[in-house]
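Chemist: Take a look at the letters that make up each chain.
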Amino acid sequence: MSLQTSIELRNLSLAYPNKALLSDVSLHVECGVLTSLQGRNGTGKSTLLRCIAGLVKPTHGDVLINNQSIFHLKPLDRSHLIGALWTDKVRLPGITLRDLVWMGTYNARKSATQIALSKTTDECIEALNLESLAKQPLDQLSDGELQKAMIARALAQKPLFLLLDEPTTYLDYIAKEELMSTLRTICEKNGPGILFTSHDLDIISKHAQHKLELKNGAIYPIG
Amino acid sequence: MSTLGLVVLQLGTGSVAISPLSIWNSLLRNDLAQQTHLTILWDSRIPRTLAGILAGAALAWSGMLMQTLFRNPLAGPSMLGISSGASLGVALLVLGGGSALGSDMPAFIGIATAAFIGAFTLLACVLLVANRFANESTLLIFGIMLTFFTSALVDALQSRSGNEALRSYVTWGMGSFGECNYAEIALLACGIAISLVVSYSILPRLNLMLLGENYASSMGVDVKKTRVAVMIATGLLAGCVTAFCGPISFIGLAVPHISRWLTQSADHRKNVITTLWLGAIVALGCDWISRLTALPLNTIASALGAPFVVMLVIQWKRFRPLI
Chain P
1 MSLQTSIELR NLSLAYPNKA LLSDVSLHVE CGVLTSLQGR NGTGKSTLLR CIAGLVKPTH
61 GDVLINNQSI FHLKPLDRSH LIGALWTDKV RLPGITLRDL VWMGTYNARK SATQIALSKT
121 TDECIEALNL ESLAKQPLDQ LSDGELQKAM IARALAQKPL FLLLDEPTTY LDYIAKEELM
181 STLRTICEKN GPGILFTSHD LDIISKHAQH KLELKNGAIY PIG
Chain E
1001 MSTLGLVVLQ LGTGSVAISP LSIWNSLLRN DLAQQTHLTI LWDSRIPRTL AGILAGAALA
1061 WSGMLMQTLF RNPLAGPSML GISSGASLGV ALLVLGGGSA LGSDMPAFIG IATAAFIGAF
1121 TLLACVLLVA NRFANESTLL IFGIMLTFFT SALVDALQSR SGNEALRSYV TWGMGSFGEC
1181 NYAEIALLAC GIAISLVVSY SILPRLNLML LGENYASSMG VDVKKTRVAV MIATGLLAGC
1241 VTAFCGPISF IGLAVPHISR WLTQSADHRK NVITTLWLGA IVALGCDWIS RLTALPLNTI
1301 ASALGAPFVV MLVIQWKRFR PLI
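Sequence lines, in order, name chains P and E.
Note that this note's numbering gives residue 34 to position 34 of the first sequence, counting from 1, and the numbers run on in steps of one.
Note that this note's numbering gives residue 1195 to position 195 of the second sequence, counting from 1, and the numbers run on in steps of one.
In isolation and in its complexed conformation, chain P is listed as follows (with noise of 0.2 Å):
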C-alpha cells in the first residue's frame, strides 16, 4: 500500500435542494493517517463521507483516489479504495459476528482462496479485539460490540481509506478509548487512512493525527 495516496476532494461542491452544504473545496487526506472530521449538526459531515464513497454526487467537482475519479468505477472497483462505517442501524439476527466479517471480504471472492478470505477475517476480528466474540449472533451483541463487528467487517474489505460515521455512538468511555487506540494503530501499521466523524473534541484532541472542521460550507484544517 503506498503513502503516497490520497482522497483527492477537487473543486467539490455539494448540496441539498435548498442548502449548500460545500462550496468549491479542494483537500488531501492521506492513507496511513487518522483524520478526523468535525462539524455542527446538519453541516453535511455524512454527507460529505457518502460523496467521498461515491454514493451520492457532487453538483460540481470530483473525488479523486489514484487519479481516478470514484464516480467512475463500479462499485466492486470502489469496495477496494473505499470501506465504510455508516449511521444506518443494522439488523441480522443468526448471522454470527464472524459471518458479517466475512461477508467484508466479498470483495475478494472472485480473486482469493477460501482459506485467504478466513485468514483476512479472522485478522479483522483479532485487530479489533473481538475473537471471544466471534460465534456470537449479531442480535446478542451490545450496540458497541456490534459497531466495532461493522468496523472490522469493513477493514475486512481491505480498503485503501475507512470512511468512519461516527464510529463511537454507542461506545462507553473505556471502549471508546480503546477502539480510537485501536484505529490508531491500524493506520500506522501501514494500514488503510481513516477520516472520522465525531462530536466528542476529547477523542479528537487525543487520537487524531489530522483535525478537520467544516463550516459554513468549507473544511478547516484546526490545530
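Keep in mind that the hints were calculated from the coordinates and are not lab data.
Glycine included, C-beta positions come from ideal geometry on N, C-alpha and C.
One should not assume that every hint holds.
[Claimed, not checked] When the alpha-carbon atoms are kept at most 30 Å apart in a straight line, the in silico DSS-like pairs for lysine-lysine are as follows:
| no. | chain 1 | residue 1 | chain 2 | residue 2 |
| --- | --- | --- | --- | --- |
| 1 | E | K1270 | P | K158 |
| 2 | P | K158 | P | K57 |
| 3 | E | K1224 | P | K110 |
| 4 | P | K57 | E | K1225 |
| 5 | P | K57 | E | K1224 |
| 6 | E | K1270 | P | K119 |
| 7 | P | K19 | E | K1224 |
| 8 | P | K189 | E | K1225 |
[Stated by the list, open to error] Only part of the chain P face toward chain E is listed, based on derived beta-carbon distances under 10 Å:
| no. | residue |
| --- | --- |
| 9 | V33 |
| 10 | R78 |
| 11 | G83 |
| 12 | D88 |
| 13 | A108 |
| 14 | M150 |
[To be verified] Ranges between beta-carbon positions, derived for each pair:
| no. | chain 1 | residue 1 | chain 2 | residue 2 | range |
| --- | --- | --- | --- | --- | --- |
| 15 | P | V90 | E | G1162 | 51 to 59 Å |
| 16 | P | N18 | E | A1306 | 40 to 48 Å |
| 17 | P | P17 | E | D1155 | 56 to 64 Å |
| 18 | P | K110 | E | W1261 | 47 to 55 Å |
| 19 | E | F1133 | P | K110 | 27 to 35 Å |
| 20 | E | A1183 | P | S142 | 54 to 62 Å |
| 21 | P | T169 | E | F1133 | 22 to 30 Å |
| 22 | E | Y1200 | P | E126 | 27 to 35 Å |
| 23 | P | E188 | E | Q1264 | 35 to 43 Å |
| 24 | P | K110 | E | R1132 | 42 to 50 Å |
| 25 | P | K74 | E | L1292 | 48 to 56 Å |
| 26 | P | S118 | E | A1193 | 29 to 37 Å |
| 27 | P | D77 | E | F1133 | 22 to 30 Å |
| 28 | P | E188 | E | W1261 | 43 to 51 Å |
With chain P fixed as given, assemble chain E onto it according to the hints.
Modeler: Chain E in isolation, oriented as in the chain P frame:
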C-alpha cells in the same frame, strides 16, 4: 415426511378415496392399478398436487426475495404490482373482452395468457423506472401505487360487466391449483428453475442487501443490478403462479417469516431450502383443506394467513428482528 404425508393425503382423499397402496400402484401404472384410480390420479390429483408444490415453493421464495429487497417484513410478491398486473390482464380479457367473445367463457389458457401478459407488462413498467429511484422505499411506494391504479381499472371494468363475465373473473381471483394441465406445470417448473438460477447467482449479495443499500454498495454490490435481478426472479415466480393458478395471497408473505423463525436466521443460504419446502407444504395443506371444505383456495389461505399476520404484528418484537 410431512411433505410425503401431505402428498398422500392430497392424492388419496376426495370424492373417491384411494388407499396409499393403490396410489403406489397407480403411480407405477402396474397391473394392480384400477383404471378409475389411474384416471382420477393422473388427470386430476397429480397435476393439482404438482401445481400446489411448485406454486407454494415459488410464492414463498418470491416473498423472501421481496422482503429482502425492501427490507420490509410485510413485503410480498404482490408488492411490485405483479399480481394486480395479472388481475388487470384477466379483467381486460374476461370483463372487457368478454362481450366481444360473445356469451362463451374464454378458455382457461386464454386467462393464463392474459394474466401472464398483464403481470409482465407491469413488471416491465416497474423495471423501466426502478433505477430512477434513489432507494427501495420509493420503489415500494411506486409498486403499491401501481397496484391501486390497476385495481381502480379492474373495479371500473367490473362495474360495467355482465354477471357471467363477472363470475368467471371472480372464480379466477379465488385461486386454484386444480386448473393446471401438465404443459402449464412444465412452464411453471421452467419459470421456477430460471428464477432459482438467478437467485443462486445473487445469493451472496442478498445477505449484503439486508445491511441496507449504503452498506451493500460500499461493500461492492451493484445495488441497481441486484435490484433488477431480484425483480426478474420475483416476476417470473409470481407471474407464472398468478397466470396459471390465480392470485394466491398470504403464502408469499407468511412463509418466509416461518422459515426464518425455524432457522432462527436471516441468512439466505440457510433459508433457501426451508422456504421452498415450507411453501410447498403450506400450499398443499391449504389446497387439501380447500378441497375438504369445498371453499376457495384463497379463502383458506387468507383465513389461515390473516391470523398469522395478526400474530406477527402483536408479537412484533419477537418477529421484527428476523428480517
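Chemist: If a hint holds in the structure, say so; if it doesn't, say that too.
Modeler: Status of the hints after comparison with the structure:
For the given pair, E/K1270 sits about 27 Å from P/K158 by alpha-carbon distance, which is consistent with the 30 Å threshold. Between P/K158 and P/K57 the CA atoms are separated by roughly 24 Å; this keeps the pair inside 30 Å, and the hint holds. Of the pairs offered as hints, the one joining E/K1224 and P/K110 holds, with about 20 Å between alpha carbons and a cut-off of 30 Å not exceeded. The suggested pairing of P/K57 with E/K1225 holds, with an alpha-carbon distance near 19 Å, which does not exceed 30 Å.
At most 30 Å may separate the alpha-carbon atoms for a hinted pair to count; P/K57 and E/K1224 meet this at roughly 16 Å. Among the hinted pairs, E/K1270 with P/K119 is consistent with the structure: their alpha-carbon atoms are about 23 Å apart, no more than 30 Å. A hinted pair counts as satisfied when its Cα atoms are at most 30 Å apart, and P/K19 with E/K1224 qualifies at roughly 28 Å. Distance check on the hinted pair: P/K189 and E/K1225 sit about 37 Å apart at the alpha-carbon level, beyond 30 Å; violated.
Using the Cβ-Cβ criterion of 10 Å, the hint placing P/V33 at the interface with chain E is not satisfied: the shortest such distance is roughly 21 Å. Evaluation of the P/R78 hint against chain E yields a held restraint, the C-beta minimum of about 7 Å falling below 10 Å. Annotation: interface hint on P/G83 holds; nearest CB of chain E at approximately 7 Å, less than 10 Å. Checking P/D88 against chain E: minimum C-beta separation of about 5 Å stays under 10 Å; hint holds.
Checking P/A108 against chain E: minimum C-beta separation of about 9 Å stays under 10 Å; hint holds. Evaluation of the P/M150 hint against chain E yields a held restraint, the C-beta minimum of about 8 Å falling below 10 Å. At about 55 Å, the beta-carbon gap between P/V90 and E/G1162 stays in the expected band of 51 to 59 Å. At roughly 44 Å, the beta-carbon separation of P/N18 and E/A1306 lies within the given 40 to 48 Å, and the hint holds.
Taking 56 to 64 Å as the suggested C-beta distance range, the pair P/P17 and E/D1155 does not conform, at roughly 37 Å. A hinted range of 47 to 55 Å for the beta carbons of P/K110 and E/W1261 is inconsistent with their spacing of about 34 Å. Roughly 29 Å separates the CB atoms of E/F1133 and P/K110, a value that falls within the hinted 27 to 35 Å. Here the CB-CB span from E/A1183 to P/S142 is close to 57 Å, well matched to the stated 54 to 62 Å.
As the Cβ distance of P/T169 to E/F1133 is approximately 29 Å, the hint placing it in 22 to 30 Å holds. Range check, E/Y1200 to P/E126: Cβ separation about 33 Å, and the 27 to 35 Å hint holds. Separated by about 41 Å at the C-beta atoms, P/E188 and E/Q1264 satisfy the suggested range of 35 to 43 Å. In this structure the supplied range 42 to 50 Å is violated for P/K110 paired with E/R1132, their Cβ-Cβ distance being about 30 Å.
Separation of P/K74 from E/L1292 is about 55 Å and conforms to the stated range, judged on CB atoms against 48 to 56 Å. Separation of P/S118 from E/A1193 is about 32 Å and conforms to the stated range, judged on CB atoms against 29 to 37 Å. For P/D77 and E/F1133, the Cβ-Cβ distance of about 24 Å falls inside the hinted range of 22 to 30 Å, so the restraint holds. Checked against the given bound of 43 to 51 Å, the beta carbons of P/E188 and E/W1261, roughly 46 Å apart, stay inside it.
In the structure shown, a violation is registered for the earlier hints numbered 8, 9, 17, 18, 24, in ascending order.
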